[in-house]
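Trainee: Protein sequences, first through last, are from chains A and B. Mapping of the first sequence onto our numbering: residues 1 to 533, in sequence order. Mapping of the second sequence onto our numbering: residues 534 to 846, in sequence order.
Treat the hints as calculated values from the structure; they're not laboratory data. It is possible that part of the hints are untrue.
Between beta-carbon pairs, the in silico distance windows are [claimed, not checked]: (1) L197/A with A606/B: 34 to 42 angstroms; (2) K33/A with F707/B: 22 to 30 angstroms; (3) L197/A with F707/B: 50 to 58 angstroms; (4) D609/B with L197/A: 34 to 42 angstroms; (5) P547/B with E200/A: 52 to 60 angstroms; (6) L562/B with R175/A: 39 to 47 angstroms; (7) A390/A with G603/B: 47 to 55 angstroms; (8) E586/B with Q402/A: 29 to 37 angstroms; (9) K484/A with D591/B: 53 to 61 angstroms; (10) K592/B with K517/A: 51 to 59 angstroms.
We put the beta carbon where it would ideally sit given N, CA and C, even for glycine.
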Amino acid sequence: MSKRSLVFSMALALGFSVLVASGSALAQRMPPKDTLRFAGFNVKVLDPHFGGGGSTEFFQYKVYDSLFAFDENMVVQPQMAEKFTWNADKTKLTVTLRPGLKFHDGQPVRAADVVASLKRWSNGRRGTARIFKQFTKSIDRVDDKTITWTLKEPFGMAMEVFTSVRYPPAIIPERLAKTPRNKQIKDFTGSGPYVFLPDEYVPGKQLHFKKFEDYVPRSEPPSFTAGGKKVYVKKLEWKIMKDDATRVAALRTGEIDLIQEVPHALRNDLLNDPNVVLKPLRTGRQGLIFINHLAPPFDNKKARQALLWAISQEETLTAITGDPALYQTCPSVWTCASPYATDVASEAIMKQDLEKAKQLMKEGGYNGQTIQVFQAGSTATFSNATVLAANLRKIGVKVEHQAMNRGAAIARRKNTVDPNKDPKKGWHIYVQATQEVTPSIPALMGLLQGDGCNKKGFYGWTCDERIGKLKVAFGQAKSEDERKKIAAELQKVVYDTVPYIQTGLYSNEAAYRSNVKGAVRAPSPIYWNIRKE
Amino acid sequence: MFTYIVRRCFAAIPVMIVVGVFVFLLIHLTPGDPADILADEDATPGEIQQLRESLGLDKPLHTQFLIWSGNIATGDLGTSLLVSKPVTTLMAQRIEPTIFLAITTLTFAVFLGVPLGVMAAWKQGTWWDHSIMIFAVLGFSVPGFWLGFMFVSKFAVDWTIVPAQGFVSIREGFGTFLHHMILPTITLGSSYMALITRITRATVVEVLKEDYIRTAYAKGLPPMKVLFRHALQNSSIPIVTVIGIGFALLINGVVVIETVFNIPGMGNLTIEAVLDRDYPVVQGVILVFSGIYVLVNLVVDLSYSLFDPRVRH
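Input sequences plus hints: build the corresponding full structure.
Mentor: What follows is the structure in structure tokens.
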């Protein structure tokens with residue numbers, strides 16, 4: 001064999017080996033049938049009581065269980081609790097745990113674990129935890145299966161506070177619950193349907209879970225975060241993929257089974273793929289426009305009301321989603337999915353009138369200054385801010401719209417300096433979004449505050465004591481009818497004083513391979529009841 | 534030679550100190566801090582302040598710097614403020630994909646760029662030369678992220694011959710590893726290869742005009758031997774320098790390509806840490822990148838003596 005033909009043969013052999021290896025690699029990259037692999041958002045903080053923004057709840061729902069949960073009608077249902085009873089004057093709740101509950105380390109869930117967990121959770125930074133603590137006189141262990149929660153005074157929304165739509169108090173072992181609130185726990189032993197696998201955890205890359213074989217699901221069918229959490233896969237692989245297009249490509253090639261949320265801009269890539277199903281698995285979002293009440297012209301109520309008339313929910317939602325099937329205009333401050341939704345005083349938000357907006361802006365003292373609008377986050381928030389800026393320009397308002405990352409936006413929104421004097425630091429309008437379920441219960445809505453007098457309190461610095469009083473009255477109302485009346489009254493106040501403006505509801509669909517069945521819609525991505533065929 | 538290496542290593546220390554001070558100030562002076570990000574959207578200012586104190590962010594900047602630099606001196610890069618893991622652990626988990634991406638890219642770019650450059654120089658003025666130069670200009674001009682998405686669309690989604698994303702360690706099989714690295718390597722390596730091609734062509738064209746090349750032809754050496762033994766070896770110092778400088782380009786490119794192909798490497802870690810204002814991670818990663826860059830330059834300097842005996846003397 002000549003030297004040249006030897007080299008040629010070796011090259012052929014190498015090429016063949018690479019092809020064989022590639023074939024085997026193609027097979028390897030598909031998740032096995034008993035493994036659900038999904039592309040999700042990054043999660044940084046795993047401690048369920050610590051904080052850390054949106055993604056911690058995604059982790060929490062897999063690893064931890066809670067005493068109660070919301071069903072799809074926003075009614076509180078027992079979860080770890082077997083039964084619960086209130087005393088006659090509604091100041092003491094007695095909760096008995098279900099039999100057979102275990103932590104992932106094999107230890108039984110005891111009342112002492114629940115008490116310690118609730119105490120740690122209530123010391124956290126979340127709005128509902130704050131309200132829980134405010135009303136709590138004591139939390140006590142009665143016996144190994146029973147706890148009592150004693151309130152300082154009756155509170156109509158007590159069960160809702162105890163459950164918290166997005167961040168239910170996760171039950172962790174007592175030994176971990178003793179960790180101070182400003183220190184994160186490092187052992188993620190829970191009692192939820194999945195066991196976290198710390199050895200396979202690579203921050204920013206992946207979180208893996210296995211089925212908790214000793215988990216005893218409830219017998220009821222799953223509904224939102226309530227009901228039976230039955231697990232049909234052996235392993236759950238959460239792959240963190242930051243780029244939207246990469247997630248979509250990986251789903252189409254079958255490298256992953258599911259994408260938590262498909263961005264609207266890439267939806268068309270998946271619509272015609274017969275191997276992919278598009279369906280909203282998470283409750284929607286609501287766009288919010290926060291207004292700085294400290295600086296002219298929005299220190300004047302008329303200028304804030306001008307924004308209500310300038311906004312078009314229809315235009316905004318079309319810009320965000322591009323498809324009427326994915327949005328809903330909504331007159332209510334409490335979102336249209338809330339039992340307290342009402343159209344009281346909503347004429348301005350539902351009927352755009354640019355002439356009226358122009359007139360109110362003039363009466364509100366607008367003198368030609370540039371309005372600083374900023375936003376962070378998704379393309380949806382960007383679209384929301386862009387449509388707002390365009391409508392403001394139509395009524396003769398000068399606007400500077402800045403998009404920035406979340407860290408910079410959070411730093412800027414707490415700045416109280418006058419944006420007319422220091423436009424680089426101060427702000428007039430901040431656009432963000434929240435989960436659809438967040439504002440559904442007026443008394444628990446952390447984003448709605450009227451405590452901003454003297455540059456203190458929540459950003460936006462709304463100074464209107466009616467808000468706080470009506471929220472308290474709502475919590476203390478004796479009946480549902482009374483609550484609805486107060487919710488309507490509070491909505492009138494919101495549309496009068498305008499702490500912020502809601503710009504309608506929109507949703508992102510999840511996308512999954514057609515062999516994935518049984519996915520449940522919930523306020524957070526949950527992966528029980530799901531299976532692969 | 535040993536003395537030279539030791540001297541160069543010591544010379545790197547002030548560079549690293551300057552980088553450390555610069556990075557520390559830059560990230561701390563950027564608006565936003567980790568306490569804001571860690572706290573919930575409805576956390577009160579008082580609660581955020583408490584969190585800031587627990588993270589040690591309430592201390593004066595110079596105190597924080599002294600604590601950080603003292604830890605660095607003992608080899609402790611600190612602990613991530615968000616993930617609560619040591620920075621060294623986070624980097625150890627992420628360095629493998631980046632190192633392998635750098636190696637495959639470097640190999641691809643050098644083994645393709647140098648021969649193409651030599652070929653273009655040898656066939657100067659012909660259609661070979663023009664074609665290679667057009668190829669090089671394209672490679673240099675087309676943005677990496679666009680090229681990456683186009684490759685994924687065609688090779689992964691439409692033809693399903695390579696994966697769309699991810700990284701598989703070489704320990705799990707060379708074939709699988711290679712399979713995942715093909716697209717990121719070509720995407721990241723295209724501009725780097727174009728740079729090497731152009732520099733190689735320019736230097737070889739100059740060397741081919743030298744008398745000793747004419748002598749080599751005159752004594753009957755075959756063209757390939759003249760090109761690679763005489764012309765290329767005498768052009769190697771500028772080429773090796775460009776390969777070294779190109780390493781900086783590679784570090785920049787890694788950040789984008791790791792995102793496009795979902796490779797969990799150091800580039801991705803840097804982006805996450807910057808957006809989250811995770812000070813210890815940003816400082817640690819940039820310090821390590823700077824150290825690698827200084828090291829690469831040292832290796833490039835030392836390699837001169839291999840190619841040019843005059844340097845040794």
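Trainee: The structure should be examined with respect to each hint, and the outcome stated for every one.
Mentor: Tested hints:
Between L197/A and A606/B the CB atoms are about 36 angstroms apart, so this pair conforms to the stated range of 34 to 42 angstroms. Between K33/A and F707/B the Cβ separation comes to about 27 angstroms, which falls inside the hinted range of 22 to 30 angstroms. Checked against the hint of 50 to 58 angstroms, the C-beta distance between L197/A and F707/B comes to roughly 27 angstroms, which is inconsistent with it. Between D609/B and L197/A the beta carbon distance is about 28 angstroms. The supplied range of 34 to 42 angstroms is therefore violated.
At roughly 42 angstroms, the beta carbons of P547/B and E200/A sit outside the given window of 52 to 60 angstroms. Roughly 41 angstroms separates the CB atoms of L562/B and R175/A, a value that falls within the hinted 39 to 47 angstroms. Between A390/A and G603/B the beta carbons are some 53 angstroms apart, a value that agrees with the proposed interval 47 to 55 angstroms. Between E586/B and Q402/A the Cβ separation comes to about 30 angstroms, which falls inside the hinted range of 29 to 37 angstroms.
For K484/A and D591/B, the Cβ-Cβ distance of about 45 angstroms falls outside the hinted range of 53 to 61 angstroms, so the restraint is violated. The hinted window of 51 to 59 angstroms between K592/B and K517/A holds, with their beta carbons roughly 54 angstroms apart.
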